[in-house]
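K.L.:
Could you build the full structure based on these sequences and the hints that come with them?
Residue numbering for the sequence shown is 593 to 1072, as defined by the working numbering.
Everything labelled a hint here was simulated from the structure, so no lab data went into it. All residues carry an ideal CB built from backbone N, CA and C; glycine is no exception. The reader is advised that the hints may include incorrect statements.
Distance ranges between label pairs, derived from CB positions [what the hints assert, rightly or not]:
# : residue 1 : residue 2 : range
1 : Val698    : Ala903    : 29 to 37 Å
2 : His660    : Arg1040   : 56 to 64 Å
3 : Lys702    : His660    : 25 to 33 Å
Here are the simulated DSBU-like pairs of lysine-lysine, each with C-alpha atoms no more than 35 Å apart in a straight line [unchecked claim]:
#  : residue 1 : residue 2
4  : Lys900    : Lys1000
5  : Lys913    : Lys957
6  : Lys702    : Lys661
7  : Lys1046   : Lys900
8  : Lys702    : Lys655
9  : Lys913    : Lys900
10 : Lys957    : Lys1000
11 : Lys655    : Lys732
12 : Lys883    : Lys706
13 : Lys661    : Lys706
14 : Lys957    : Lys789
15 : Lys1000   : Lys913
16 : Lys617    : Lys706
17 : Lys1046   : Lys957
18 : Lys1046   : Lys883
19 : Lys883    : Lys702
20 : Lys883    : Lys913
21 : Lys913    : Lys1046
22 : Lys957    : Lys706
23 : Lys789    : Lys913
24 : Lys732    : Lys661
25 : Lys1000   : Lys1046
26 : Lys957    : Lys900
27 : Lys883    : Lys732
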Amino acid sequence: MTTAIVWFRRDLRLADNPALTAALKAHDTVIALYIHAPGEEGEWAPGAASRWWLHHSLHALDKTLRRHKGHLQVVEGPSLDALRATIAATGAEAVYFNRLYEPRIVRRDKAVRKALEGDGVEVASCNAALWCEPWDIATKQGDPYRVFTPFWRNLRTRIEGVEPLPIPARASFVDLPAGATMAIDDLNLLPTLDWAKGFAEWTPGEDGAHEMLALFADDALGHYAEGRDLPARHGTSRLSPHLHWGEISPVQIATALREHAARRRSADIEPYLRQLGWREFGHHLLFHFPKTPRENFNPAFDGMRWAKRDAHVLRRWRQGKTGIPIVDAGMRELWATGWMHNRVRMLVASLLTKNLRQHWVIGSKWFWDTLVDADLANNAMGWQWVAGSGADAAPYFRIFNPVTQSEKFDPEGAYIRRWVPELAQAPGRLVHAPWEDAAFLQRSGYPRPIVDLKRSREDALTAYRSSRGAREEATPAREE
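P.N.:
What follows is the structure, given as structure tokens:
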């Protein structure tokens, strides 16, 4: 009888789990092992909101394993030491895991593989997170893609006919000896201050992921193309945290949506598949350009003159007290729920990097700590896209006007009124620009704008054009 370790990381599911399937195919029994080693991820160890999610997702995985007469074995790192100790305690002959693509983890996994193989242990890794490995997709010249549209055209031809793996029919799990594991609660992942009460709307875990997918397919898929831009509606899938923790795969999502569309004969799934492609593009960029979480993808921005870090400005931005309603609504939604609508993410990032001229890394670090779907690849890509320094990014002169944007995408102010109660009774346009009526603004108790939108826009463009190494665009500056 042979035993293998399945090293769970951010693949917290049983269905469509290639490492688990391969291990059970080659061995009689498996040990479902989770190693807690956040220090191995350096400055990008999970933030507070992600740790909340991880706590509940580990419990959900353990519950699912129990339905198959197994248990999640939880130990603390370092990872190599934990794997060697598990092998010594159980006689396991092999280690299986699903690949991750963050730079620190890639280096860690290579070192672990080399050491274990040196010990005579078989090591196998699989792809469970992406449609296509970053090294398997390239331009005709063999280079990494830097622009999304040709990347998507290439990837789109590869995803048809790919089917998810079922939960293995023969799943036999064994436990570590008594005293060798620890309780999930002892990892102390939950916040010491109970600021996460609003996170109760989420259901982490494999079952929760499929429930969210079914809700999206039934309620929002049919009008996703236009509904995804309206923050007052549940027009997006809200699957991003489930995808990050591997509770569901893009293959599973695409398959389920195709089946749903075939039954309804109306829903167009292409716009949503394209968004999954953006996620894939983010991982492609991170793998090939591993410095992008901290450094400009476009080196022309290395000469950008950002404003001096301003603690007062940053505090008002984080607390949703900038005096710009759509921005404050987004920041308050983030703090209350651990999530923010994607359109609003662009607006709060634009205000921070363009109007307030604070470096995009400052914003990305705040998102990293407060988003339940904080994902290094997509966080870096998103912030650099808005700042103008990223691959296929919005040009720097594209500066969102938050008033115009909220009037367009939240015309009745329903989103603002929900998250900014000071403006719940604001008449007409004042919900978008309350400073236009000084008397109303004073009565409401809502703060004056932290910055003059028009003047700060002009200042941002001036700083961009005068920065050493920043290329002035021939295209006229425009506001959106």
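K.L.:
Any hints this thing doesn't respect? Which numbers, in order?
P.N.:
11 and 24
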